[in-house]
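Q: Now for the letters of each chain:
Protein chains: 2
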Amino acid sequence: MRSILDTLTMKWDGHALHLLDQRKLPTEVTYIRCQSHEDVSRAIGDMVVRGAPAIGAAAAFGYVLGAMRFAESRSGDVTKAMATVRSTLSASRPTAVNLFWALKRMHLFFESRNTKPQWLSELEREAITIAEEDISTNRRIGELGASLLSDQSNVITHCNAGALATVGYGTALGVIRDAKDQGKAVHVFVDETRPYLQGARLTAWELINDGIDCTLISDNMAGWVMKKKGINAVVVGADRITTNGDAANKIGSYSLAVLAAFHKIPFYVVAPSSTIDLELLSGEEIPIEERSSEEITHISGIRIAPENVSCFNPAFDVIPASLITAIVTEDAVNYPPYHFRSTSGKHH
Amino acid sequence: MRSILDTLTMKWDGHALHLLDQRKLPTEVTYIRCQSHEDVSRAIGDMVVRGAPAIGAAAAFGYVLGAMRFAESRSGDVTKAMATVRSTLSASRPTAVNLFWALKRMHLFFESRNTKPQWLSELEREAITIAEEDISTNRRIGELGASLLSDQSNVITHCNAGALATVGYGTALGVIRDAKDQGKAVHVFVDETRPYLQGARLTAWELINDGIDCTLISDNMAGWVMKKKGINAVVVGADRITTNGDAANKIGSYSLAVLAAFHKIPFYVVAPSSTIDLELLSGEEIPIEERSSEEITHISGIRIAPENVSCFNPAFDVIPASLITAIVTEDAVNYPPYHFRSTSGKHH
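Chains V and F, in that order, give the protein sequences. 1 is the number of the first residue of the first sequence in this note's numbering; add one for each residue after it. 1 is the number of the first residue of the second sequence in this note's numbering; add one for each residue after it.
No lab work stands behind these hints: they were computed from the structure. A few of these clues could be false.
Note: identical chains are not told apart, hence a pair may lie in one copy or across any two.
Below are the SDA-like pairs computed for lysine to any residue, each with C-alpha atoms no more than 20 angstroms apart in a straight line [to be verified]:
1) Lys104 to Glu143
2) Lys229 to Val309
3) Lys227 to Ser282
4) Lys116 to Gly301
5) Lys228 to Ser293
6) Lys264 to Asn232
7) Lys184 to Lys229
8) Lys184 to Phe312
9) Lys11 to Ser300
10) Lys24 to Arg42
11) Lys228 to Arg291
12) Lys116 to Leu20
13) Lys229 to Arg74
14) Lys229 to Leu120
15) Lys80 to Leu120
16) Lys24 to Ile302
17) Lys264 to Ser147
18) Lys24 to Glu143
19) Lys80 to Pro337
20) Lys228 to Tyr31
21) Lys180 to Glu143
22) Lys229 to Tyr31
23) Lys80 to Arg69
24) Lys229 to Arg291
25) Lys180 to Ile288
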C-alpha cells in the first residue's frame, strides 16, 4: 500500500480511504476501508470518523472516490454524477460545517476543471491539500492558543478536539500540545462526554499516549472541579461558528461555558477558520443533529436504562458568544465582540 | 415469611433484612438477605441500598441484627458489643448523615433499656418506627413541596431521591408524586447521573412504573434543556444539610445548581429533617466520599476508558445555600437565610 496521506486518523492510498474506527477505541485500533463515497458517507454518519475537521477531510476523499467511480464507468453526465456524490456526502451529518466547506471546495475545484486531462489526479491532490492544510493549520492554532495558557495550567476539555478529531495534531488539544512543548505544566481534566464518551475513549487515550497529565471525570463533576481544583482555563473545539461568535460544539459545551462564567474561568473555543460559517448570523440558525436514544440507553450493547424510556439526545448545543472569552483560529486569537467576515478568500 | 415491614426498598421479616439489590435495576428485581449487621454494612458500602433515608433505616435494622446476635451468644459485654455494631455500621459510608442519625437514635434507645426484658423486641419496634416514620415524613414533605410546582411543570431531577432512596414514596420524587396526585401536569427530565447512573437505572424506572412522564438525558444536557425546554424547577434530595443551609448531594448537584441560578430557575432541596446535621455549621465540614475509579472506567464490567487512566470520583458535592431557593422538610418549606436549629427534639 503506497500511502500518500498517512496519519493516525486517516490514510489515503490512492484507491481507498482507510479510517481509524474510533468506535472501537480505546480497546482496539483498527481501520475501516472505504472504497466509495457511499462508504465514506456511512462512516461519517456512523461515527467511524468524527470531529469537524476530520469529517471535512474524509468527505474530500469521499468526493475523490465518487469521481473515480464515474471515471471507471464513464456513463452519464459527470456534472450530475458529482452533484449526487456531493449531496450523498452532505447528508451524512448536519451540524459540523467543515463537511460542507470541504465539499464546496472540492466541487468548485471540480467545476473549474471538469473532466479535463488529469482531473482525477488534480482532485486527489486537492483532497490531500485539504488534509495537509488541516495539520499545518492546527499547528498554527496551537502556537497562537498556547499563549493563552499560563505556565501552570489546570485545564478542562470536553469531547475530543484532538488529533483524532482532525487529520492530525488537534485544535483544543493542539493548544495543549503546544503549551506542553513550550515547557508549560499542563494538567487536563477530561470530561468523559456522555453519551458517546469521546472524552473517556478518545481524549484520555490521546493524552496518555502523548504523555500529557490528565484526570478523567464525569461531565457533572466539572462545576465541582472548577471550584475545588484550581482550574484556570476551559478549552474546547467547535463544529460550527457563526459570524457573531456563537459556537456549536458537542452537547455539554453550553453547560460547561455557563459553569466557567460562574467561576470566572476563561472559556476558549479553538477551531480552524473553515469552521466559521459566514452564511449564518447566529447560533439560532445552526441545525442541531439529534441522534438515537440508544446512545443513552445502552453502552457497548448493554442496557443501562429501562425499556421504553424516552430520551432527548441532541448531539450538539450552542455556546453563545457572550460566554466565550476568545475564539482561536489559525489567523488570530479573536476577542469579543466577534464579527467574522471573509478576509482572504482562502477558504470561503 | 412474615413481613413486618414490606416496601419495595426493604423487607424486614423478624429475622433478616431483605434489601432490593439496586445495583441490578432496571433489568432485574432481586433481593439480598442480610442476616447480620456486617451483611447490612457491606450492603450499604456496596450500594445494594443507597439514598440517605434508606441507608438510615437499613442501618437501624442492622443494629437490631447486631443485638439479636448478642442475645443468641450471650457472651461478653452488651454495651461493648453494641458499640461495635454501631461503629461497624457507621463505617459503611461517610457522607449521608441519616446513617449516623439512625444509629444514634437506636443506640440511645438501647442505652435507655439495655437488656431489660423485651429489649430485643423493643429495639426491633424502634427500627420499624424509624422506617414507618420515613414514609409518613415523605408524604408530609410531598404535600408541602408540591405547592412549589406549578400546574404545568417541567422539572429536572438528579440522581434518585425517590421511593428507592427511602423506605417508600421518596423525597424529591415524593414532591413530584404529590403534585401529580393533585392533578398537576409534571414532566420530569431525569439526569442519568454518572458515574453510577442512578437516574437512568432507578429514577427513570420508578417514574415509568408510576406512570409519570419523563425524559432521560445525560447530565451534560441539563443546561441546554434549561435553555430550550421551559424548565421551571429543579428538585433534588440531599445526603447532609448543615445549619447554614449548605447541602451535600450526589455529585453533579453543584453544577446543576449553578446552571439553575444562571437560568433563574428555582432550585429546591427536599429532605427529611433527619438529614440536617445540627453539629455542622457549613458544607465545608462535610466529609465527601471518594469512590473507586472503576465506577468511571467501567460500565457493567466493560471498560470504556483507557488502561491506567487517572480518575477523580467524588460521590457527592456541596450545593451552597446561596444557590438553593428553598429547602423542604416535613416541618416546613424553608427559605434563606437558613438557620437550622433543633426544635422539637423529635429527631435530635
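Q: Starting from the hint list further up, note which numbers the structure goes against and sort them upward.
A: 1, 4, 8, 9, 12, 13, 14, 18, 19, 20, 22 and 25
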